[in-house]
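K.L.:
Chain order of the listed sequences is A and B.
Using numbering that gives the first Met the number 0, you'd call the opening residue of the first sequence number 0 and step up by one each time.
Using numbering that gives the first Met the number 0, you'd call the opening residue of the second sequence number 0 and step up by one each time.
Bear in mind the hints are in silico, worked out from the structure with no lab data behind them.
It cannot be assumed that every hint is accurate.
[What the hints assert, rightly or not] List of simulated lysine to aspartate or glutamate pairs, EDC-like, C-alpha gap at most 20 Å:
| # | chain 1 | residue 1 | chain 2 | residue 2 |
| --- | --- | --- | --- | --- |
| 1 | B | Lys266 | A | Asp243 |
| 2 | A | Lys25 | B | Asp223 |
| 3 | A | Lys254 | B | Glu376 |
| 4 | B | Lys141 | B | Asp164 |
| 5 | A | Lys254 | B | Glu247 |
| 6 | A | Lys260 | B | Asp385 |
| 7 | A | Lys2 | B | Asp417 |
| 8 | B | Lys189 | A | Glu39 |
| 9 | B | Lys189 | A | Asp38 |
| 10 | A | Lys254 | B | Glu315 |
| 11 | A | Lys233 | B | Glu342 |
| 12 | B | Lys266 | A | Asp83 |
| 13 | A | Lys71 | A | Glu268 |
| 14 | A | Lys260 | B | Glu207 |
| 15 | A | Lys26 | B | Glu347 |
| 16 | A | Lys254 | B | Asp223 |
| 17 | A | Lys260 | B | Asp223 |
| 18 | B | Lys404 | B | Asp417 |
| 19 | A | Lys25 | B | Glu95 |
| 20 | A | Lys233 | B | Glu349 |
| 21 | B | Lys281 | B | Glu220 |
| 22 | A | Lys254 | B | Asp164 |
| 23 | B | Lys266 | A | Glu269 |
| 24 | A | Lys179 | A | Asp243 |
| 25 | B | Lys101 | B | Asp122 |
| 26 | B | Lys269 | A | Asp243 |
| 27 | A | Lys260 | B | Glu347 |
| 28 | B | Lys205 | A | Asp243 |
| 29 | B | Lys355 | B | Glu342 |
Okay, here's what each chain looks like letter by letter:
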Amino acid sequence: MYKIVKKKVLNPTVTLMEIDAPLIAKKAEPGQFIILRVDEDGERIPLTVAGYDREAGTVRIIFQIVGATTEKLNHLEEGDNIHDFVGPLGVPTHTEGLKKVCVVGGGVGCAIALPVAEKLHKLGCEVHSIIGFRNKDLVILEDEFKACSDKFILMTDDGSYGEKGVVTAPLEKLINDGEKYDLVITIGPLIMMKFVVKTTKPHNIPTTVSMNPIMIDGTGMCGGCRLTVDGQTKFACVDGPDFDGFKVDFDEAMKRGAMYKNFERHAYEETCNLFKKEVE
Amino acid sequence: MPNMSPKKAEMPTQDPNVRNKNFLEVAMGYTEEVAIEEAQRCLHCKTRPCVSGCPVHIAIPDFIKEVANGNFAAAYDIISESSSLPAVCGRVCPQETQCEAKCVRGIKTEPVGIGRLERFVADWHNSQPDAKIKKPEPNGHKVAVIGSGPAGLTCAGDLAKKGYDVTVFEALHLAGGVLVYGIPEFRLPKSIVQKEVDTLKELGVKIETNMVIGRVLSIDELMDNYGFESVFIGSGAGLPRFMNIPGENLCGVYSANEFLTRTNLMKAYKDDPSTPIMHAKKVAVVGGGNVAMDAARCAKRLGADEVYIVYRRSEEELPARKEEVEHAKEEGIIFKLLNNPVEILGNEDEFVTGMKCIKMELGEPDASGRRRPVPVEGSEFVIDVDAVIISIGTSPNPLIKSTTKGLDTQKWGGIIADENGLTSREGVYAGGDAVTGAATVILAMGAGKTAAAAIDEYIQNKNK
Chain A
0 MYKIVKKKVL
10 NPTVTLMEID
20 APLIAKKAEP
30 GQFIILRVDE
40 DGERIPLTVA
50 GYDREAGTVR
60 IIFQIVGATT
70 EKLNHLEEGD
80 NIHDFVGPLG
90 VPTHTEGLKK
100 VCVVGGGVGC
110 AIALPVAEKL
120 HKLGCEVHSI
130 IGFRNKDLVI
140 LEDEFKACSD
150 KFILMTDDGS
160 YGEKGVVTAP
170 LEKLINDGEK
180 YDLVITIGPL
190 IMMKFVVKTT
200 KPHNIPTTVS
210 MNPIMIDGTG
220 MCGGCRLTVD
230 GQTKFACVDG
240 PDFDGFKVDF
250 DEAMKRGAMY
260 KNFERHAYEE
270 TCNLFKKEVE
Chain B
0 MPNMSPKKAE
10 MPTQDPNVRN
20 KNFLEVAMGY
30 TEEVAIEEAQ
40 RCLHCKTRPC
50 VSGCPVHIAI
60 PDFIKEVANG
70 NFAAAYDIIS
80 ESSSLPAVCG
90 RVCPQETQCE
100 AKCVRGIKTE
110 PVGIGRLERF
120 VADWHNSQPD
130 AKIKKPEPNG
140 HKVAVIGSGP
150 AGLTCAGDLA
160 KKGYDVTVFE
170 ALHLAGGVLV
180 YGIPEFRLPK
190 SIVQKEVDTL
200 KELGVKIETN
210 MVIGRVLSID
220 ELMDNYGFES
230 VFIGSGAGLP
240 RFMNIPGENL
250 CGVYSANEFL
260 TRTNLMKAYK
270 DDPSTPIMHA
280 KKVAVVGGGN
290 VAMDAARCAK
300 RLGADEVYIV
310 YRRSEEELPA
320 RKEEVEHAKE
330 EGIIFKLLNN
340 PVEILGNEDE
350 FVTGMKCIKM
360 ELGEPDASGR
370 RRPVPVEGSE
380 FVIDVDAVII
390 SIGTSPNPLI
400 KSTTKGLDTQ
410 KWGGIIADEN
420 GLTSREGVYA
430 GGDAVTGAAT
440 VILAMGAGKT
450 AAAAIDEYIQ
460 NKNK
């Protein structure tokens, strides 16, 4: 059992939790992930590490309520326990030896982009951050990004906060204005990452993407998280989750991500109904 | 006077057309009367060839003699001197190529049903009121075991019986390894595995789940910072292999590991599960081993109308246990032998719609001694399926190798270990699929047992 020592609602659909897991907190690096099960017989879901406190022994997760499992997780409070919590899994994001990096985050993906930006900043790298959300209500971690970024741009789809538009517009502009990035790191919805790569590829700027496919064990055993990279099958759990964005087959990844869409919708509605009944 | 019946006493099983719709155990086990009757078929020959056929050298004729006399408790004691998981082995061992293959009765008629008798004895023992297990006197030495599959559990059990302070580290949320994620409920009920794990706990073995060694702690840390004097690696077979044919990443293509893990470990077969699985109507399973049979029979139970085993060689070369093949056939699994997939076909949403195969014929024997399958030109055809399960083996997980300095591995990734399980690192032992590549439960148990003896000797010598 792993205790929730802190819970904070960041916006109506996104929640932050700090989990007591000292061994994982000691080893976790930006870009790695954990797998959790909320309760006995629960589903295993991967969540990328959103931070860690090695001294306090806690691991931070930030998740969006998208299905039955995250809905159940969101109903837990400080002091409650998560049944299983395993990690750190996957290969850490490569952050060494970089001079100037643009970090592009979208939605809840910003939660995992933040520790990457913070680590780069700490290593003395110049960090430009572009983070995007659908609207003002969904903005998270603005101050934290500002604190570790030499340049900071916030976008909303509807223009209700920051600048109006998608993240690729300012990225394109920065590149055209002559910013020379060693690397662009992008974390967010698949469609966003696909278009970030479309923006950087003509300029030949190496681009790392963080993939978050369906997984079970997270240690290489099941192969459910496989994707095509440079024409070869890779496992996101052990070969990634970071990959060279130029080589990832995003269209296939999107189709695979939707494999259980109908099941998930059904399970989510069931869970929501369950909680509704409890409230009544 | 021995019972001279040419045939083994029949094993009662659920009716094939009933069981292929449920996950309850297929074989229901001998009654006391039938077990005694079968035990009386043993001739108690002087040479005891069956013992040499057993990877853990159970004193087979001795336990059978006790069964014949109705002394089931004594029979259990004899088995448990050599085997820590008799209820498991009685169910999943390939007896027809091991003990029973050597049985003198088998020369002219059917061999003694050694596996069935082992199972009977273990189940009889488990049905008795729990005898309090005597915890051995601690000897003050700590050993770490990585992986809680058959190799790890056996190694842990043997060392705990000698008084070692053993901790087993398991990556998943539940102990048992392949016994819980791989082998289905209908072949090996999970309550049996749980019972074996509980017995180990009573012996004082600590089981730490959710621990991926190589990530959260390294082997060096276990030895340097946590006081483990020796480590046994039983981390299992690892990454599923795919065929590298077009269409393999379509929705509806599973590795057998994924399909079985969803079904068994995550219990996707139950009503309203939290983990989804496709309930496909027509399923092709590629491969001919025990894992392929398990996957096919699970798919059938999940509601498929048609399930095919697609295998590139002929029936004779099927690597699965004979009993599994027979059970699969009885349950209506269709064997498409001498066929090899060349492409998996999908629709615009990238869901599987079919699998293109080519017919094969057997040519000259290859390195494995089996006749090499050769494609028949122009013989391609399409089977109409909506799910494909690839069950063609695994390759070792590179995690422990890549995080343990000085641990030598084979070119193909298997950990190199000598006949006692010793690796290239002092105090570090390994066994099971992590060393041999995918093999059987009993071979892994044998390796765990051998390594436990070697670890004991190593620690005792070091502390002389």
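K.L.:
A separate judgement is required for each hint: does it hold in the structure or not?
P.N.:
Okay, the hints, checked on the actual structure:
1. B:Lys266 to A:Asp243: Not OK: Lys266 (chain B) and Asp243 (chain A) at ~35 Å, beyond 20 Å, violated.
2. A:Lys25 to B:Asp223: 17 Å, holds
3. A:Lys254 to B:Glu376: Violated. Lys254 (chain A) to Glu376 (chain B) sits at ~34 Å, over the 20 Å cutoff.
4. B:Lys141 to B:Asp164: 5 Å, holds
5. A:Lys254 to B:Glu247: 13 Å, holds
6. A:Lys260 to B:Asp385: 17 Å, holds
7. A:Lys2 to B:Asp417: 43 Å, violated
8. B:Lys189 to A:Glu39: 15 Å, holds
9. B:Lys189 to A:Asp38: 19 Å, holds
10. A:Lys254 to B:Glu315: 40 Å, violated
11. A:Lys233 to B:Glu342: 19 Å, holds
12. B:Lys266 to A:Asp83: Cα-Cα ~16 Å, so holds.
13. A:Lys71 to A:Glu268: 12 Å, holds
14. A:Lys260 to B:Glu207: Since the Cα atoms of Lys260 (chain A) and Glu207 (chain B) sit roughly 34 Å apart, the hinted pair is violated (cutoff 20 Å).
15. A:Lys26 to B:Glu347: 43 Å, violated
16. A:Lys254 to B:Asp223: Not satisfied, since the Cα-Cα distance of roughly 46 Å exceeds 20 Å.
17. A:Lys260 to B:Asp223: Status violated; Cα separation ~47 Å.
18. B:Lys404 to B:Asp417: 18 Å, holds
19. A:Lys25 to B:Glu95: 50 Å, violated
20. A:Lys233 to B:Glu349: 18 Å, holds
21. B:Lys281 to B:Glu220: The hint is violated at about 49 Å.
22. A:Lys254 to B:Asp164: 49 Å, violated
23. B:Lys266 to A:Glu269: Since the Cα atoms of Lys266 (chain B) and Glu269 (chain A) sit roughly 18 Å apart, the hinted pair holds (cutoff 20 Å).
24. A:Lys179 to A:Asp243: 18 Å, holds
25. B:Lys101 to B:Asp122: 25 Å, violated
26. B:Lys269 to A:Asp243: Cα-Cα ~39 Å, so violated.
27. A:Lys260 to B:Glu347: Measuring from Cα to Cα gives roughly 16 Å; hence the hint holds.
28. B:Lys205 to A:Asp243: The given pair, whose Cα atoms are some 41 Å apart, is violated under the 20 Å limit.
29. B:Lys355 to B:Glu342: Cα-Cα ~5 Å, so holds.
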